[in-house]
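Q: The lines below spell out each chain.
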Amino acid sequence: MIYEASTIAVVFFFVFVGITLGLSFYLGGKAKSSEGYFAAHGQIPWFVNGVAFAGDYLSAASFLGICGMIAFYGYDGFLYSIGYLAGWIVALFVIAEPMKRLGKFTFADALDSTFQSRGIKLAAGISTLAVSVFYLIPQMVGAGVLVQPLLGFEHWVGVVIVGVTVILIVVTAGMVSTTWVQFIKGSLLVVFSAILTVMILMRGFEVADKTVDMEFHDVLSLPDGGKIEDAQWGTELGDVGFYLTEAPSSVIAEGDHWYVGFTEANSKLDHFWRVDPLEGETGKVRLSPALLMAENSDGEKLLNGQRIGPDAGDQTLAPVGRVLELPENEKETGSLGPVEFLKTLQNSKVETWRSETIEDPAHGATKAYYARQTKGSSVLRPGEHPRFKGIRGDDPLAKLNFLSLMLALFCGTASLPHILIRYYTVKDAAAARKSTIVGIACIGFFYVLTLYLGLGAMTSGAMDVTNSNMAAPLLAFSMNEWLFAAISAIAFTTVLGTVSGLILASAGAVTHDLLTSGFGMKLNDHEKVRVAKFASVVVGAIAIVLGILFRELNVSYLVGWAFSVAASANLPSLVMLLFWKGTTKQGIIVAIVVGMFSSLGWILLSADTFEKVYGLSGSDALVPFSQPGIVTIPLGFATLIAVSLMTKKQTAGS
Amino acid sequence: MQARNARIGFMLFGVYLLLYGGFVLLNAFAPETMEATPIEGVNLAIIYGFGLIVAALVLALIYGFVCKTGDEPSDDKEAGQ
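Residue numbers (our numbering), protein chains in the order written: chain A, 122 to 775; chain B, 5 to 85.
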């Protein structure tokens with residue numbers, strides 16, 4: 122059993138949320154004007170703002186997604202860490218100071234400061250909304266994923282709890298309390314991750330014992346030319362485990378391999394192995410532990426064809442993630458230094474898990490999880506995750522896809538609206554610069570830790586094979602319950618904080634860019650705040666609904682969307698406005714629209730979306746690779762330059 | 005002053021772009037080089053990755069330091085409130 126409802130975790134969570142809300146009510150009393158609501162009067166100290174940058178940025182996707190990806194696939198998850206941090210260099214060296222000098226409340230203000238154009242406000246406002254909502258979906262999905270196992274609520278309850286709490290925070294106080302919540306959360310996240318990393322290093326590695334539940338990766342000889350259908354299970358196969366002395370309860374053929382189940386004599390529980398023919402050796406097969414997940418017609422979850430539950434006779438999902446072999450056949454390493462830890466893993470063998478969807482004649486479509494023996498040196502190199510596999514092949518499009526993702530991560534950060542608005546909460550350009558440096562220090566330190574957290578989780582023997590997002594909290598659980606409670610509560614506030622920031626950015630966009638400037642509504646200061654609060658509630662409600670609808674989608678996949686759209690729509694106008702005098706307002710408007718729609722369109726027509734969203738074959742996709750950035754970001758720049766040159770001529774001629 | 009800061013920013017940005025670009029291109033076109041273990045048995049992928057994170061911080065600090073030594077507006081001293 123992986124999850125047990127933990128009283129400590131529940132109490133901790135509610136204390137945390139209580140303190141957060143209390144703080145926001147207290148600080149909210151101080152922010153009455155619209156400047157206070159949206160930009161905290163520009164009086165947030167730079168250090169606090171810097172840590173709040175980290176709080177804003179280290180979202181559920183950073184914390185849960187990256188740790189989970191490293192825990193299941195190794196180094197590839199760390200590529201995201203590197204890309205996400207690199208984006209801050211663009212923010213600091215290119216965007217931060219000019220942004221602060223140009224704007225007042227929103228990203229659209231900055232773009233519009235030279236032109237006073239309604240069209241720019243509208244276009245920028247809409248792109249802010251689009252990016253924020255895309256970024257909101259994964260946060261809400263993440264909230265539901267967290268609540269489900271920790272508090273025992275349904276997914277939608279988790280989404281609603283987070284949604285309502287965030288709306289309360291935003292409505293009561295705006296940017297002041299959001300900033301302080303992010304400051305607290307950012308500090309706690311970094312501190313607790315550091316504690317967890319130290320504990321991982323002190324624990325070191327330990328080779329897992331063979332268990333009755335799952336025998337490891339044995340090689341067997343099949344009689345009769347290696348046909349599994351004809352195999353006489355039992356004595357002929359040798360004694361590799363007591364199940365194998367029985368006849369199998371089921372054999373499912375899938376391509377060139379099989380899933381074979383055996384019933385344990387005492388408990389009557391079924392256990393499965395994946396059986397693969399050994400390459401180049403006729404008649405020999407490898408047995409790997411496997412878990413088959415399906416649903417029966419009542420929607421009940423089945424593991425290995427039997428009901429999952431707490432009672433005797435029910436199946437329970439065993440935790441996974443172990444070390445199979447250490448260098449020089451050691452059994453355990455004891456505590457390790459940070460360099461020694463990586464070196465030891467490099468020369469070890471670990472168990473990693475993959476999955477595929479198979480057709481089980483008894484239960485229909487079934488997700489089969491199976492273990493693989495993997496060398497440490499493979500886990501620590503790029504190209505193991507299906508999304509990054511292409512870099513090891515010869516297909517130039519796969520390589521282009523990788524370059525495109527790394528480009529979107531690099532360019533996306535500096536174009537995210539909820540990051541951009543944080544530049545208005547400090548006093549001047551110097552403070553903006555300093556808080557970015559503090560932000561980079563916190564975020565960089567955290568990303569170094571993610572590699573240790575992920576690898577620690579991979580070898581902790583505590584992973585849930587069905588849910589990589591839970592890797593970091595479960596790693597903490599393998600240490601002790603208090604740490605688990607703390608990490609879970611921080612993960613919750615991570616979602617709360619990021620969602621507040623995004624909702625605030627959206628509310629700002631609606632109030633300033635769309636209503637006041639775009640449609641010319643006349644609002645006084647108090648009305649603006651009231652409209653913004655109303656907009657927060659609406660955007661929050663939309664986020665709740667989308668979070669429930671999109672619960673099946675992968676969190677980091679959705680974040681990738683947001684980064685690509687932000688970079689394609691916002692970055693070209695921002696950079697060109699700051700550094701090219703020939704930029705015209707038409708150029709900006711068209712570039713935003715073209716960047717936004719081309720990147721969105723590309724995503725919707727890509728193989729990834731065909732497979733994961735529409736359930737169609739990826740080979741029918743209409744674009745050659747999935748990540749749009751490498752095409753749509755330059756397209757945005759090209760559009761801006763072309764349109765600016767054209768409109769400039771007109772102006773000069775008339 | 006603004007122009008000076010922007011110039012420094014662009015120079016440092018260029019340095020980082022080279023480092024990051026090198027990393028991404030190595031990964032894309034010569035991923036096997038990332039498996040080499042040049043120092044202490046740790047592979048190049050990790051050394052370069054950590055290196056990029058440290059480089060980001062170092063460049064950020066250089067930027068902060070160089071800009072500060074210029075003729076910054078006088079309100080700078082209150083910024084640490």
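Check each hint, because a few of them may be wrong.
[Unchecked claim] Derived lysine to any residue pairs resembling SDA-like cross-links, with alpha carbons at most 25 Å apart:
(1) A/K496 / B/R8
(2) A/K470 / B/R11
(3) A/K510 / B/I50
(4) A/K470 / B/F69
(5) A/K221 / B/V46
(6) A/K520 / B/F54
(7) A/K221 / B/T37
(8) A/K452 / B/E44
(9) A/K702 / B/L48
(10) A/K702 / B/F69
(11) A/K221 / B/A10
(12) A/K702 / B/R11
(13) A/K520 / B/A40
(14) A/K496 / B/I50
(15) A/K702 / B/E39
(16) A/K520 / B/Y52
(17) A/K510 / B/G18
(18) A/K510 / B/T37
(19) A/K221 / B/Y52
(20) A/K470 / B/A40
(21) A/K520 / B/A7
(22) A/K702 / B/V58
(23) A/K702 / B/L16
(24) A/K470 / B/L29
(25) A/K452 / A/K654
(26) A/K510 / B/T41
(27) A/K470 / B/V46
(28) A/K221 / B/L21
(29) A/K470 / B/I51
(30) A/K470 / B/T41
(31) A/K496 / B/P35
[Said to hold, decoys possible] The calculated label-pair distances, taken between Cβ atoms and stated as ranges, are:
(32) A/G143 / B/T37: 50 to 60 Å
(33) A/K405 / B/F33: 54 to 64 Å
(34) B/T37 / A/E385: 41 to 51 Å
(35) A/G485 / B/F33: 20 to 30 Å
(36) B/T37 / A/Q237: 48 to 58 Å
(37) A/Y147 / B/F33: 53 to 63 Å
(38) A/E275 / B/L29: 40 to 50 Å
(39) B/M15 / A/E446: 26 to 36 Å
These are computed hints drawn from the structure, not numbers from a lab.
Glycine included, each C-beta is placed from N, C-alpha and C at the ideal position.
Q: Go through the numbered hints given earlier and state which of them the structure violates, listing their numbers in rising order.
A: 1, 2, 4, 5, 7, 9, 10, 15, 17, 19, 21, 22, 24, 25, 33, 35 and 39
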